[in-house]
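S.K.: Going down the list, the protein sequences come from chains A and B.
At position 149 of the first sequence (counting the first as 1) the number is 149 in the numbering used here, and the numbers step up by one without a gap.
At position 223 of the second sequence (counting the first as 1) the number is 1223 in the numbering used here, and the numbers step up by one without a gap.
No wet-lab data here; the hints were simulated from the structure.
Please note that the accuracy of each hint is not assured.
Said to hold, decoys possible - With a straight-line cut-off of 20 angstroms between C-alpha atoms, the simulated EDC-like cross-links for lysine to aspartate or glutamate are:
#1 A:Lys125 / A:Glu102
#2 A:Lys302 / B:Asp1295
#3 A:Lys302 / B:Asp1299
#4 B:Lys1302 / A:Glu292
Stated by the list, open to error - Selected chain A positions facing chain B (in silico; Cβ < 8 angstroms):
#5 Leu270
#6 Cys272
#7 Ala291
All C-beta atoms, glycine included, are put in the ideal place defined by N, C-alpha and C.
There are 2 protein chains.
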Amino acid sequence: MRVGGKHYRTVWMEDHVVYFIEQNLLPFEFRIQQSLHYRQTCEALRTMQVRGAGAIGALSGFAMAQAFLEAKEHNDSSLIEKARVEIESTRPTARNLFYAVEKVHSAGLVSSAMAVGEAQSVANKDAEDCRKIGEYGNSLIRDGFRIETHCNAGWLAFVDYGTALSPLYLAHSEGKDIFVFVDETRPRSQGARLTAWELHEEGIPHTIIADNAGAWLMAGGKVDMMITGADRIAANGDTANKIGTFEKALAARALGIPFYIAAPLSTFDLNCKTGKDIPIEERSQEEVLYAEGPDENGDMRKIRLASPGSGAFNPAFDVTPAGLISGIITEKGIISATRDGVMSVTREP
Amino acid sequence: MRVGGKHYRTVWMEDHVVYFIEQNLLPFEFRIQQSLHYRQTCEALRTMQVRGAGAIGALSGFAMAQAFLEAKEHNDSSLIEKARVEIESTRPTARNLFYAVEKVHSAGLVSSAMAVGEAQSVANKDAEDCRKIGEYGNSLIRDGFRIETHCNAGWLAFVDYGTALSPLYLAHSEGKDIFVFVDETRPRSQGARLTAWELHEEGIPHTIIADNAGAWLMAGGKVDMMITGADRIAANGDTANKIGTFEKALAARALGIPFYIAAPLSTFDLNCKTGKDIPIEERSQEEVLYAEGPDENGDMRKIRLASPGSGAFNPAFDVTPAGLISGIITEKGIISATRDGVMSVTREP
């Protein structure tokens, strides 16, 4: 997608060099980093300079390809297995990472050129899947639609296009008049920071709202549909996503607003029969009690938001029951999720 | 209520001096201010050093009483009407202010001592009404209850006790084991700042949550009831309160959690037949885009929370339909609100 009018992917590889957008600095600074060695690339994964399922997958594939190139250069094949362990330990809960490393590793056993080719293909497939999600999702968007979204499910989490925002990018590029309400998404403000930044760079009209304002806007007839991404989807369609997604889905159902999830099929975890099987991460209370951002001089400051004597409870995700979801937009079509565990594809490619 | 173990009201008058808790500094600094002249008291109202319906009412009554004392001292009765206009212009939308000024003004026409007495009685009545709300509300709270609240409807907004928190204070003082989930209440964080501070000072177990976490906690069986205050209540029971109240009420209804409003009868505006007649204030986008608080050195800093290119939409209140409200806890009993505009008092004093 575009930044300052120029097209970028979040991660890419040219010759032996890996490039990536340093996401820890966004939205206050836009910087491209480069990594010459697989170890530097591991560091980018570990420090979350690159985050989001698809982007992590692609970057870890590139790291594995770099390891093959370095093994060849130094004539040291022992480096390959060592690198694989290192890469896999950077983000041990990221499923896309293991998938990408496995694919690139297999190809690399033939040649390091094959490893690089496979890594490029992993990245390209991620972008292409998201582009298709955009096509299916766009079929739901009518001219004049006002769409609410929660958290960041844009291209920064993938190689390009993103999931929940991909249909919006396509709708806008086709000339549809759309407007986006961006939930700020406390406590980490991914909406106010990343989603708002993405939409601004693409020139899509939008405004940030406090998470509290969602239902009130829906009740006022100001929201035509809601789309969010997903962190993990159970076999019956129950969907884990950023905390607050469930509350929005409840409000949308009560107020008659269609509520869609957009995610690649790789987000489905068929080992989880229902949402009850999806573990929910609790994160540090610091995220709720403090906030960081630039002051009027541009210096980054960390401030206390809450009363000093009190603590916070910070569940990071929630589970939206399939019955509240109008459909799950995937790269293969839009799936209707039902409470009884039966999923049906309502639009074939 | 207590601060550091000592009992305080938010505003009070001794001899000719008005005292008040400087609320703009809370929760990071606790300071009592004193005001020797009605003009200083007007300044405290204007700069929101004292805020909240009941506290504004009491303080404006004290200001009017000070004006009578000053008129007598300087033997200048023209000062009285001038002062009345000044006081009334400090917070022109605060209904309690006009009510208190009128009462104290009438009494002052007899003598300045009567004015002071009437001002004390206005303040005492506010505290007493809130204490009664606590008694009625407490009858709903069982031992072991976990209660969610939104925004600040504690004693800081009144002379003492508060509304939504008054039943919690009483339940706790009676030895009931209660726990409070405090919605941080973006964008102004009144929950994380004021409600959390009040509960901490009273020693009531509580934790702050991101507003996004409410429905998820309810679904997990962690919330037994929800109580909030009200800014204005229409004749049919539709209730305007801080933005996000409506979304919580929707979630509570969907998940079978009782949802109560606590407010004195003076909050009812019978000129509004339904919630549609209540005007909703939009506030500055700055409240969403920026946050203020102390840094690690205790210096107050203002930081940017959101992406620099984006704006925000900031409706400050919403309206919860009567049909979502289990009951309205008043100083006269608990009122059942119904959609058809009929209200019935379910518990008489």
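S.K.: Check each numbered hint from earlier against the structure, then list the numbers of those it violates in ascending order.
M.R.: 5 and 6
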